[in-house]
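Visitor: Just so you know, the protein sequences line up as chains A and B, in that order. With this note's numbering, letter number 117 in the first sequence gets 501, and the count goes up by one each step, no holes. With this note's numbering, letter number 72 in the second sequence gets 456, and the count goes up by one each step, no holes.
Incorrect hints may appear among the rest.
Same chains, same label: a pair holds when it works inside one copy or across any pair of copies.
Stated by the list, open to error - Below are the DMTMM-like pairs computed for lysine to aspartate or glutamate, each with C-alpha atoms no more than 25 Å apart in a straight line:
| # | residue 1 | residue 2 |
| --- | --- | --- |
| 1 | K390 | E428 |
| 2 | K431 | E521 |
| 3 | K390 | E417 |
| 4 | K387 | D408 |
| 5 | K390 | E521 |
| 6 | K431 | D510 |
| 7 | K431 | E462 |
Just so you know, these hints were derived from the structure itself, not from any lab.
Number of protein chains: 2
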Amino acid sequence: MLKLTKRAEYGLTALVHLTDHAGDVVSAREISEHYRLPHRLVGEALKDLCRAGHLQSLRGPAGGYRLARSASSLTVGEVIAAIEGAPALPECDAMALVDLGFDSLADCDVESRCPIRSPLHRIQEDIWRQFERTTLEELAAPDFSLIPNRNVAKTTLSASA
Amino acid sequence: MLKLTKRAEYGLTALVHLTDHAGDVVSAREISEHYRLPHRLVGEALKDLCRAGHLQSLRGPAGGYRLARSASSLTVGEVIAAIEGAPALPECDAMALVDLGFDSLADCDVESRCPIRSPLHRIQEDIWRQFERTTLEELAAPDFSLIPNRNVAKTTLSASA
DNA sequence: TCTATTAGCACTAAATTAGTGCTATTTGAT
DNA sequence: ATCAAATAGCACTAATTTAGTGCTAATAGA
C-alpha cells in the first residue's frame, strides 16, 4: 500500500547517482551494477526519464545518460510522473458519482453520498505537492538539511503536537 | 501507484459517516447501501477497525457499529494502519543492504551504495505523518478549514513557490 | 565488422488487491 | 423456541498491477 514501484525507486536511485556525477555520461549497466539492481529495469526507468526530457541519452559504446536539466530544478514529482504516470487521486468526486450511476451532479447529494468529499483528495494532493517541491539536489544531499519547506513543516508539527 | 486500497477507502468512508452520526449504531449494510459500496468489503474494513479498537460493535438485528473514540482523537493514520497495516518504508537502509549480500554495515559504503539514503525514507515518513496528524473530525468537516498544520504548510508553499 | 550501448515493444510470471463463500455466534422480535 | 439480521473469522477465487525478461532495431566507437 502507498508505496512507490520498483521502477520509480530505481529511477530515483539512478538520478541521484547521475546528480552525484553531474556532467558525466553513465550507462544503465554501470548504475545497475553499482547498486546491484536488475539492469534491464533500470534501463526501462531511464528510458522513461529520457522520453520525458529529464535525461539526455547517448548511444553506442561509451554511451549512456546524463542529466538534461539541473538537479536543483528537477523534482521528485516530475520523476515519478515520468515513470509511473500522473497522481492517483481518489475517485470521489463528480466522475465517480457518474460512474456510480448518477447522471449529473444536479440529482445527487455530494455531501451525503460522498463522505470523503474533498479532504482525502486534498491529502493526496498534499502528498503530491511534497513530491513536487522536493528536488533531486535535495534528495541527493547526504543529510537532507537545507530544505526550507520541510523544516518549517516539521517545526510546525512539533510545536502543535 | 501510491494509492489507498479500496478497503482503506471504504473504511474511511464508513468512519466519516459514523462521525456524522456520532453516537448512533449503524450497520455495515446501511453504510454500503447509502454509498453504494460492496457491503461485504465494507464489513471487512469495519471488522478490522473494530479489532483495532477504533469501533465498538453490537451484534444481532439492530446491531452495527459506533465510534469507540472521539472523531477528534482518531487519525487517518490509525485508520489506515488498522486496515492496511503499517507504512511501507522504502528498503534502503541497513536491512536492504544486508539483503543485498552485505554482512554488516561495516563493510559497505552506504553513501555510495544507497543513493536514496534517508531522504526518500523521510519523504514517506512525512506522508505518514500527514496521515497521523489528520483526524477524522477534520476529514469529516465539509470544507476542511481549521486544520492548522495544513494551512501553515500551504502558506509556506505558496510563499516559496 | 564487431561490440556495447540506447529504443521500443510485447510478453510472462509473481504479487497484490477486490470481492465472495461459508460457517459460527449473537441477539432482538415474533 | 424459532427466526431473522447482524457481526466474527477465515479461506478462497478472480482481477489487476507490478516485476522482470525476450527480442529486434538503431546508433556509434574501436
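Visitor: Hints the structure violates: just list their numbers, smallest first.
Guide: 4 and 6
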